[in-house]
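J.: As a plain string of letters, each chain reads:
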Amino acid sequence: MIRIDHITWWTHPPARRLRAVRALVPRGSRFDHAGTGRKILDDISCSILPGELTVLLGPNGAGKSTLLRMVSGEKRPHAGTVFLDERSIHTLPIPQLALRRGVLTQHYSVSLPFTVEEVVTMGRYPHCHTSPSAKDKEIVSACLQEMQVDHLAARPFNTLSGGEQQRVQMARVLAQLGGAGDSDGPPASDKILLLDEPTASMDLLHQQQCLTRARQLAKEGATVVAVLHDLNLAARFADSLLLLKDGQLLAGGRPSELLTPDLIYEAYGIKTSILYPGQYDFPVIIPALPTTISSGDNPARPDNHSISPNDEPVFGKDTSVIINKNNYFHTPINEKIYANDHPKGR
Amino acid sequence: MHRSWTRILLVLLLITSVLIAAGKGAMSMAPLQVLAILLAKAGIHLPVAYTQGMANVLWEIRLPRVCLGVLIGSGLAVAGASLQGLFRNPLADPVLIGVSSGASLAAVVVIVLFSSLSSAGAGILSGYYLLNIASFCGACLSSVLVFRLSRVGGKTMVATLLLAGLAMNALCNALTGLVTYTANNEQLRSVTFWLMGSLGGASWNTVLSILPFILVPVGLLPQSAKSLNLYSLGEAEAMHSGIDIRWLKIRILLLTTLAVGAAVAVSGVIGFIGLIVPHIVRTLSGSDHRTLLPDSVLFGATLLVLADLVSRTIIAPAELPIGIITAIIGTPLFILLLYKQKKVINTQAI
Chain A
612 MIRIDHITWW THPPARRLRA VRALVPRGSR FDHAGTGRKI LDDISCSILP GELTVLLGPN
672 GAGKSTLLRM VSGEKRPHAG TVFLDERSIH TLPIPQLALR RGVLTQHYSV SLPFTVEEVV
732 TMGRYPHCHT SPSAKDKEIV SACLQEMQVD HLAARPFNTL SGGEQQRVQM ARVLAQLGGA
792 GDSDGPPASD KILLLDEPTA SMDLLHQQQC LTRARQLAKE GATVVAVLHD LNLAARFADS
852 LLLLKDGQLL AGGRPSELLT PDLIYEAYGI KTSILYPGQY DFPVIIPALP TTISSGDNPA
912 RPDNHSISPN DEPVFGKDTS VIINKNNYFH TPINEKIYAN DHPKGR
Chain B
213 MHRSWTRILL VLLLITSVLI AAGKGAMSMA PLQVLAILLA KAGIHLPVAY TQGMANVLWE
273 IRLPRVCLGV LIGSGLAVAG ASLQGLFRNP LADPVLIGVS SGASLAAVVV IVLFSSLSSA
333 GAGILSGYYL LNIASFCGAC LSSVLVFRLS RVGGKTMVAT LLLAGLAMNA LCNALTGLVT
393 YTANNEQLRS VTFWLMGSLG GASWNTVLSI LPFILVPVGL LPQSAKSLNL YSLGEAEAMH
453 SGIDIRWLKI RILLLTTLAV GAAVAVSGVI GFIGLIVPHI VRTLSGSDHR TLLPDSVLFG
513 ATLLVLADLV SRTIIAPAEL PIGIITAIIG TPLFILLLYK QKKVINTQAI
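Residue numbers (the numbering used here), protein chains in the order written: chain A, 612 to 957; chain B, 213 to 562.
No lab work stands behind these hints, which were simulated from the structure alone.
Any given hint could be a false lead.
Partial pick of chain A residues on the chain B-facing surface, computed with a CB cut under 10 Å [unchecked claim]:
no., residue
1, R680
2, E685
3, F725
4, E729
5, G734
6, Y736
7, T741
8, S742
Simulated crosslink set (DSSO-like; lysine-lysine; CA at most 30 Å straight-line) [to be verified]:
no., chain 1, residue 1, chain 2, residue 2
9, A, K748, B, K461
10, A, K650, A, K856
11, A, K686, B, K461
12, A, K650, A, K748
13, A, K650, A, K686
14, B, K253, B, K236
Derived CB-CB ranges, DEER-like [what the hints assert, rightly or not]:
no., chain 1, residue 1, chain 2, residue 2, range
15, B, A382, A, E697, 51 to 59 Å
16, A, D850, B, L378, 23 to 31 Å
17, A, C739, B, I457, 16 to 24 Å
18, A, P704, B, E398, 36 to 44 Å
19, B, L548, A, H718, 26 to 34 Å
20, B, L221, A, G672, 35 to 43 Å
21, A, K748, B, I540, 40 to 48 Å
Think of the CB as a built atom: it goes at the ideal place given N, C-alpha and C, for glycine as much as any other residue.
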């Protein structure tokens with residue numbers, strides 16, 4: 612289990628002081644220059660359970676990626692600690708951590724012309740001493756197939772498209788965690804998978820595939836944390852959600868409890884309509900058009916952030932069918948765009 | 213090409229070029245004669261005729277020089293390949309980024325300041341070691357400075373890297389000029405030798421004096437091959453894959469400066485070997501540092517031995533400084549590399 616214990620991160624770290632001096636200065640007092648600049652993370656505490664896919668949600672700049680960096684052990688929080696099985700993650704040796712924890716960051720480029728297969732094989736490096744064994748090669752080819760990049764294996768990585776690069780990097784991280792059938796690796800319950808916007812440039816199919824695989828790892832007992840922007844993907848795949856805003860933990864819980872119009876409005880400042888299509892067990896979130904954002908400040912209905920039939924667009928009350936399609940496409944903003952696209956005389 | 217075949221080819225190439233280079237000169241010997249003389253020392257007598265004069269020339273003049281070429285070529289090439297891995301950029305080179313000029317500045321200072329010391333009876337070997345240590349310190353200082361300068365927000369920018377190297381080269385050259393200005397006649401001769409870059413000072417003593425400083429990096433740098441592969445994914449990504457980044461940086465910088473410092477101490481500044489050798493090897497056997505580093509050692513040695521052969525035979529009996537030869541071969545290749553990298557330099561950080 613990962614326990615995040617009161618972690619705080621400033622843009623400018625706190626001044627180094629002798630422990631004795633720090634002890635004398637009361638916390639929070641005028642003389643307690645804990646840190647300066649903006650607080651990216653502000654006293655966050657929560658637990659991330661194994662066997663679950665936990666999704667970090669929040670608007671841009673909420674501190675999701677920074678929180679993920681703390682959990683991965685890449686950055687040390689300025690205050691507080693991240694515990695992994697009741698041990699501070701920063702006291703664990705880096706090579707040992709790499710045997711059980713894989714991280715997919717948003718940085719995909721590779722500085723030298725490696726092939727796709729070589730990049731994915733690097734995922735096995737923490738496990739092999741000199742060169743990859745037959746077992747490692749098996750895992751690599753399994754992971755290549757799993758992310759459907761096996762046909763790219765001999766291509767130079769840097770010539771791939773963004774989505775393909777992302778899939779290859781995902782395959783590398785999966786290979787690091789031992790792929791599907793690694794019996795010699797750590798037990799599934801020890802594995803940790805951290806994904807920072809894994810689906811950002813993937814197409815529809817591979818988004819679903821990538822998160823299904825992450826979910827599957829979680830079902831096997833691993834701890835999986837993903838930063839996502841797509842609320843519908845989060846609603847579909849997450850076991851639990853952590854909603855961040857301005858470096859603070861706004862809420863945490865099951866998707867069905869957490870994904871309410873009010874909470875979404877509080878986090879993102881946009882009205883939404885939430886549908887529960889009968890045949891699925893997850894909600895569908897439909898954001899309002901930009902024009903209806905401004906009416907969110909309407910003092911007449913300050914506490915109802917769901918889209919109502921009075922707003923545009925208009926949705927049916929209990930089905931997922933959009934009934935007033937014409938209205939939907941004839942809001943002023945769309946007309947303006949339309950006008951710009953087709954200047955007079957053409 | 214298959215990787216193990218590339219390795220065998222490079223080994224054969226190195227042996228052939230050593231045999232040819234050792235044979236060419238004022239007293240010409242066939243490669244077979246060279247082989248016979250070498251093997252005779254080991255007790256194996258080939259049915260090839262040679263004179264005692266040939267054996268003496270080979271053992272006393274040619275062989276030290278060829279050995280020096282092998283050592284320096286392999287050291288510079290492996291240092292260049294590792295630096296390119298560490299800077300995450302195929303344009304890094306000990307000379308371009310100013311490591312060599314830092315080393316040569318320190319060497320020149322030592323020559324001028326301590327020339328009285330060595331003439332006062334200090335042994336030749338200890339004099340060379342002193343030079344080695346000084347140039348190592350100079351190389352260390354400039355590489356740490358350039359590494360620090362070229363990093364913007366945790367990333368090495370190509371443009372800043374080359375600019376930092378430019379600044380370092382300019383500063384070191386200016387200071388070297390200043391020191392040269394104050395030198396007397398005899399010191400000036402030694403200093404000029406450094407600035408030209410030449411294997412002309414080769415003797416068994418110089419070979420012995422740099423042997424440990426080259427062998428240690430050549431032996432230890434390939435052990436970081438896996439780490440360097442992971443490092444090409446990115447600094448954080450390498451850490452996630454179990455690499456202690458701080459230790460890797462210290463290790464690579466220390467070992468490369470050791471090799472570059474030693475090379476500069478005995479042969480002056482020889483450019484472009486560290487740049488073009490890894491590049492050519494990459495096109496032969498791929499980017500994997502596990503093959504790149506050992507192959508660079510072999511090919512670097514071959515290339516420098518051949519460049520030295522050209523430098524001492526092309527206008528014989530006079531000698532062209534080897535730095536000129538490597539620059540003439542290297543500059544067009546460097547421009548080609550730069551051209552390929554143009555997009556990267558313009559738009560993105562590596």
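J.: For each hint, tell me whether it holds in the structure or not.
T.: Here's how the hints hold up against the structure:
{"no.": "1", "hint": "R680", "verdict": "8 Å, holds"}
{"no.": "2", "hint": "E685", "verdict": "5 Å, holds"}
{"no.": "3", "hint": "F725", "verdict": "5 Å, holds"}
{"no.": "4", "hint": "E729", "verdict": "6 Å, holds"}
{"no.": "5", "hint": "G734", "verdict": "7 Å, holds"}
{"no.": "6", "hint": "Y736", "verdict": "5 Å, holds"}
{"no.": "7", "hint": "T741", "verdict": "8 Å, holds"}
{"no.": "8", "hint": "S742", "verdict": "7 Å, holds"}
{"no.": "9", "hint": "A/K748 with B/K461", "verdict": "29 Å, holds"}
{"no.": "10", "hint": "A/K650 with A/K856", "verdict": "12 Å, holds"}
{"no.": "11", "hint": "A/K686 with B/K461", "verdict": "18 Å, holds"}
{"no.": "12", "hint": "A/K650 with A/K748", "verdict": "44 Å, violated"}
{"no.": "13", "hint": "A/K650 with A/K686", "verdict": "15 Å, holds"}
{"no.": "14", "hint": "B/K253 with B/K236", "verdict": "20 Å, holds"}
{"no.": "15", "hint": "B/A382 with A/E697: 51 to 59 Å", "verdict": "55 Å, holds"}
{"no.": "16", "hint": "A/D850 with B/L378: 23 to 31 Å", "verdict": "54 Å, violated"}
{"no.": "17", "hint": "A/C739 with B/I457: 16 to 24 Å", "verdict": "20 Å, holds"}
{"no.": "18", "hint": "A/P704 with B/E398: 36 to 44 Å", "verdict": "56 Å, violated"}
{"no.": "19", "hint": "B/L548 with A/H718: 26 to 34 Å", "verdict": "28 Å, holds"}
{"no.": "20", "hint": "B/L221 with A/G672: 35 to 43 Å", "verdict": "54 Å, violated"}
{"no.": "21", "hint": "A/K748 with B/I540: 40 to 48 Å", "verdict": "44 Å, holds"}
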